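S.K.: Here's the letter readout for the chains.
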Amino acid sequence: MSLKWRIAIILGLIVGSVWALFPRTVVERVTRNGQVLYDTVSRVPLKLGLDLQGGMYLALEVDESKGAVADKSKAIDNALKVVRNRIDEFGVSEPVVQKTGNDRIIVELPGIDDPRRAEDVVQKSAFLEFQITDKTQALEKAFPRIDAALKDAKVNVAAATPSAAKDTTSAGLQSLFTADTSKKADSTKKDTTAVAATAGGPGAFEKLLQQGQMPGEYYVAQSDVGTVTQYLALPQVAAALPPGKVIRWSSDTTSLGNRIYRRLYVLDAKPIITGEYLTDARPNTSPTEGNIVEFTMNNEGARRFRSETGRHVKDFMAIVLDQRVMGQPPVIQSAIGARGQITMGGKDLQAAQDLALVLRAGSLPVPLKVADVRQIGASLGRDSIHAGITAGVIAVALVVIIMLGYYRFSGALAVAGLALYILYTLAVLAGFSAVLTLPGLAGFVLSIGIAVDANVLIFERIREELAHGKTVRTAIDEGFRHAMSAIVDSNVSTALTAAVLYQYGTGPVRGFAVTLLAGIAASMVTAIFVVRTFYMIWLNRSREAQTTLSI
Amino acid sequence: MLRILHDTNYDFIRWWKVMAAITIAFILLGLGSLAIKPPNYSIEFTGGTLMQLEFTQPPDVGDLRSTLDKAGINGAEIQQFGTNKEFTVRVQNAAAVASQSKGAENISVTIENVLKKKYGDAVTVKRTEAVSARVGDEFKRGAIIAIALSFLITLVYLSIRFEWRFAAAAVFATSHDVFTTIAFLKLMHLEISLTVVAGLLTVLGYSLNDTIIIFDRVRENLRKGRKETLYETLNRSINETLPRSVLTHATTFAATLALLLFAGEVIRPFAWVMAFGIVTGTFSSIYVAAPVLLWIERKWPRKTSVRQSSSTATPTSRTTRSPATATR
Chain A
0 MSLKWRIAII LGLIVGSVWA LFPRTVVERV TRNGQVLYDT VSRVPLKLGL
50 DLQGGMYLAL EVDESKGAVA DKSKAIDNAL KVVRNRIDEF GVSEPVVQKT
100 GNDRIIVELP GIDDPRRAED VVQKSAFLEF QITDKTQALE KAFPRIDAAL
150 KDAKVNVAAA TPSAAKDTTS AGLQSLFTAD TSKKADSTKK DTTAVAATAG
200 GPGAFEKLLQ QGQMPGEYYV AQSDVGTVTQ YLALPQVAAA LPPGKVIRWS
250 SDTTSLGNRI YRRLYVLDAK PIITGEYLTD ARPNTSPTEG NIVEFTMNNE
300 GARRFRSETG RHVKDFMAIV LDQRVMGQPP VIQSAIGARG QITMGGKDLQ
350 AAQDLALVLR AGSLPVPLKV ADVRQIGASL GRDSIHAGIT AGVIAVALVV
400 IIMLGYYRFS GALAVAGLAL YILYTLAVLA GFSAVLTLPG LAGFVLSIGI
450 AVDANVLIFE RIREELAHGK TVRTAIDEGF RHAMSAIVDS NVSTALTAAV
500 LYQYGTGPVR GFAVTLLAGI AASMVTAIFV VRTFYMIWLN RSREAQTTLS
550 I
Chain B
0 MLRILHDTNY DFIRWWKVMA AITIAFILLG LGSLAIKPPN YSIEFTGGTL
50 MQLEFTQPPD VGDLRSTLDK AGINGAEIQQ FGTNKEFTVR VQNAAAVASQ
100 SKGAENISVT IENVLKKKYG DAVTVKRTEA VSARVGDEFK RGAIIAIALS
150 FLITLVYLSI RFEWRFAAAA VFATSHDVFT TIAFLKLMHL EISLTVVAGL
200 LTVLGYSLND TIIIFDRVRE NLRKGRKETL YETLNRSINE TLPRSVLTHA
250 TTFAATLALL LFAGEVIRPF AWVMAFGIVT GTFSSIYVAA PVLLWIERKW
300 PRKTSVRQSS STATPTSRTT RSPATATR
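Chains A and B, in that order, give the protein sequences.
Numbering-wise, the first sequence is residues 0 to 550 according to numbering that gives the first Met the number 0.
Numbering-wise, the second sequence is residues 0 to 327 according to numbering that gives the first Met the number 0.
So here's chain A without its partners, still in its complex pose (with noise of 0.2 Å):
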């Protein structure tokens, strides 16, 4: 090849390397006061791992607890579409959700500042159903028989040894942590010797209820809802409860005089209809209840609503969300058509936001639970970043130092073809829109160390035939030449190792392979042809030949 192609290769690749991350405007999606706007920003096009940009890691899988799943990469699949839609409308630059293996769905948000409120969107179900209070007082009638179950109940417990005991204990702790984060702790520790001191008595649980405002409501103090929680889990007493009612807690409280409620209702088993039929949800506030969320129905949707509504006039309607009754039921006037509201009592309105959000996108075919999660502060990972850099530029000093120091003229040549291989190597990772993360950026910082040992194989041969008597040219050329099985066999067998890497590896790790791999190209590219380059260029430089090599 000649000398004149060399230039324009290696010209070209610099052109092309430029041009791959020269930065561009893209357009972004940003979420300004609870608005999703698109914006355009101009960056440099190396896209950063969640580590390095912050953000926030989600390994999502079907939660097994409340029953199996017969088809899990089935109900996953469909899974995915909701938290697809879901994610979509949440306002996030660039997220990643996705399939991976049989059962899980990955979700990557980069840049979130909220992960709780973040995790919710993704998990809630979303399951929304209108159910009728009940009217018969089914609860009432039963309370002989719930005393009755909960007298049996005491019985196993007082049997039980105590270490069995201590597990109920902190299972209700447990229970506790995972099912509301409202509830104190200090309260389960009440409840549990509640359990012992009072169960069983004639009206241990009717003590408990006070009735409410309207049919099939009843409050319980905030204190006692631990218990009375307790007292339902059992399966003596869920089997003494009247048939065809279920029975649910409302999603907020209620203060009367300077105590707190929690209501609780008794519903008809047998839903009047469910959200699968709503087409729209939007939040809104109304000046008398606060903020609410405004729902449309499609036609089949709205025909059956009303049909079903217009039976039961003066019936009151609960609407219950993942089994929590959102608001108080309203009174049903007349027939209720299309359009219906949810009130959100008393939570604020991106409360209200998130839940038209995850409405609209549609309930979770089966419920998810979260198998890893990883979340970093966007400070982390611009220290991260900072502190990667201050370490790249001190590893390129030193490394110059060595070369130069060393190699004089020929380790000035090697340090040119190390800023190419740095520019050639983020070219690579923006081209192929690989990841950079934190081990893949220090990976990065050894690999400029390991860079120049192409170099140093090339150059410690030239030096080997000049000391055999060849001449500058012969020397340089057998030099390159005796070089090349070294640098090929060692280059490929860590491109080997970091293809298994990449294979096996998962986030970050991925990341490291992905740096090594684009480092390891680039560094042959310019060990082996642009450095040859550079000799040929000085060797060409001057009619008579060269007779001395710094090297």
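No wet-lab data here; the hints were simulated from the structure.
Note that the coordinates shown come from a computational prediction; the quantities given were computed from them, not determined experimentally.
Be aware that one or more of the hints could be misleading.
[Stated by the list, open to error] Across the chosen pairs, the derived CB separations fall in these ranges: (1) B:Trp294 - A:Leu10: 51 to 61 Å; (2) A:Gly345 - B:Gly119: 15 to 25 Å; (3) A:Ser72 - B:Glu162: 41 to 51 Å; (4) A:Leu10 - B:Ile159: 33 to 43 Å.
[Unchecked claim] Computed list of lysine-lysine pairs in BS3-like fashion (alpha-carbon distance at most 30 Å, straight line): (5) A:Lys73 - B:Lys139; (6) B:Lys139 - A:Lys98; (7) B:Lys139 - A:Lys71; (8) B:Lys223 - A:Lys469; (9) B:Lys116 - A:Lys368; (10) A:Lys368 - B:Lys101; (11) A:Lys244 - A:Lys206; (12) A:Lys244 - B:Lys101; (13) B:Lys115 - A:Lys368; (14) B:Lys115 - A:Lys73; (15) A:Lys368 - B:Lys223; (16) B:Lys101 - A:Lys269; (17) A:Lys71 - B:Lys101; (18) B:Lys101 - B:Lys115; (19) A:Lys346 - B:Lys115.
[As the list claims (entries may be wrong)] Examples of chain A residues toward chain B, derived with CB under 8 Å: (20) Ser64; (21) Ala67; (22) Glu118; (23) Leu379; (24) Ser383; (25) Ala386; (26) Ile401; (27) Leu403; (28) Ala441; (29) Val451; (30) Leu456; (31) Ser492; (32) Thr496; (33) Val499; (34) Thr505; (35) Phe511.
Note that the Cβ used here is the ideal one computed from N, Cα and C, for glycine as well.
Got chain A sorted already, so can you dock chain B onto it with the hints?
M.R.: Just chain B, lined up with the frame of chain A:
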């Protein structure tokens, strides 16, 4: 021209017994300590919760601990992370991991809530990682497969490019590095995370490089058909590649040092592994790969080599000489 260790003629392999004793002692020390206490796996492998906290004022660690204890978070490890305002909280005991089967985030949510209640805005959660046991198992399996597979692929590639004797010796030397690095991790109390496993694989690649450079020279010197034993050829090749080794190790170490000192706490374990890897990789290329190659040559003498050196030495004299002289 500046030269380091040029035209040397050290008899490196002569010391292989001493070196073998040293490295075996080191590995046994590491493995023995592993037998007493299991290694420090990160939550990526065991499942669990890790949180990195930043306080505006240096907090009282005892206070922090009792706050977590009161919230029912038992067995939390609290460690200073860099400055005295940053701490990591790690919960990875079996009971905690089991409670994460319902949802990996529940412990981190509890921790965040109690900390916010106690410290208010004086504490910021900079990083949260929560991994369920199942995901941890998968990571563990992936790491083991990755290491095993990279060995296998390397063996195949080297067998194609060199021949099986070289490949086996190189892979043996690389396995040695796995053991010494694990011993190092254990003795340094470094946490074994995914990044550290990536570091381990990088060390393997680096060490393999080093072995390949020497073996490449051996291959070349064998082709020249000098009147010398394999023992001598190996020594010659190591000496000839010595300046390259010194230079490359120097530049790699420079980059590693920069990572160790400036790249921050998260990368530090990786940098330590790499720093040790430079040492063990160099060592194993000379004192493991070469003696093992000699041993393999004695057990399964090569035919081509016999033909090459047939003018100078009979197969029997060659095979009896090389390892014998090695131990002389």
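S.K.: Have a go at the A:Phe511 hint: is there a Cβ in chain B nearer than 8 Å to its own Cβ?
M.R.: holds (5 Å)
S.K.: Would the pair B:Lys115 and A:Lys368 pass a check requiring their Cα atoms to be no farther apart than 30 Å?
M.R.: Holds, at roughly 25 Å.
S.K.: Assess, step by step, whether the Cα of A:Lys346 is no farther than 30 Å from the Cα of B:Lys115, and give holds or violated.
M.R.: holds (21 Å)
S.K.: Hint check: is the beta carbon of A:Val499 less than 8 Å from a beta carbon of chain B?
M.R.: holds (4 Å)
S.K.: For the pair supplied as a hint, B:Lys116 and A:Lys368, confirm whether the alpha-carbon distance does not exceed 30 Å.
M.R.: holds (26 Å)
S.K.: Can the suggested window of 41 to 51 Å be confirmed for the beta-carbon pair A:Ser72 and B:Glu162?
M.R.: This hint holds: roughly 46 Å between Cβ atoms.
S.K.: Holds or violated: are the alpha carbons of A:Lys244 and A:Lys206 at most 30 Å from each other?
M.R.: holds (21 Å)
S.K.: Can we keep the A:Thr505 interface hint, with Cβ of chain B closer than 8 Å?
M.R.: holds (7 Å)
S.K.: Hint A:Leu456 vs chain B: min CB-CB distance below 8 Å?
M.R.: holds (6 Å)
S.K.: Given the proposed pairing of B:Lys115 with A:Lys73, does the C-alpha separation stay at or below 30 Å?
M.R.: Violated - the C-alpha atoms of A:Lys73 and B:Lys115 are around 40 Å apart, more than 30 Å.
S.K.: Does B:Lys101 lie within 30 Å of A:Lys71 when you go C-alpha to C-alpha?
M.R.: With a Cα-Cα distance of about 17 Å, the restraint between A:Lys71 and B:Lys101 holds, given a limit of 30 Å.
S.K.: If you check the beta carbons of B:Trp294 and A:Leu10, does the distance land in 51 to 61 Å?
M.R.: holds (52 Å)
In this structure, the hints that do not hold are numbers 14, 15, 21 and 27, in rising order.
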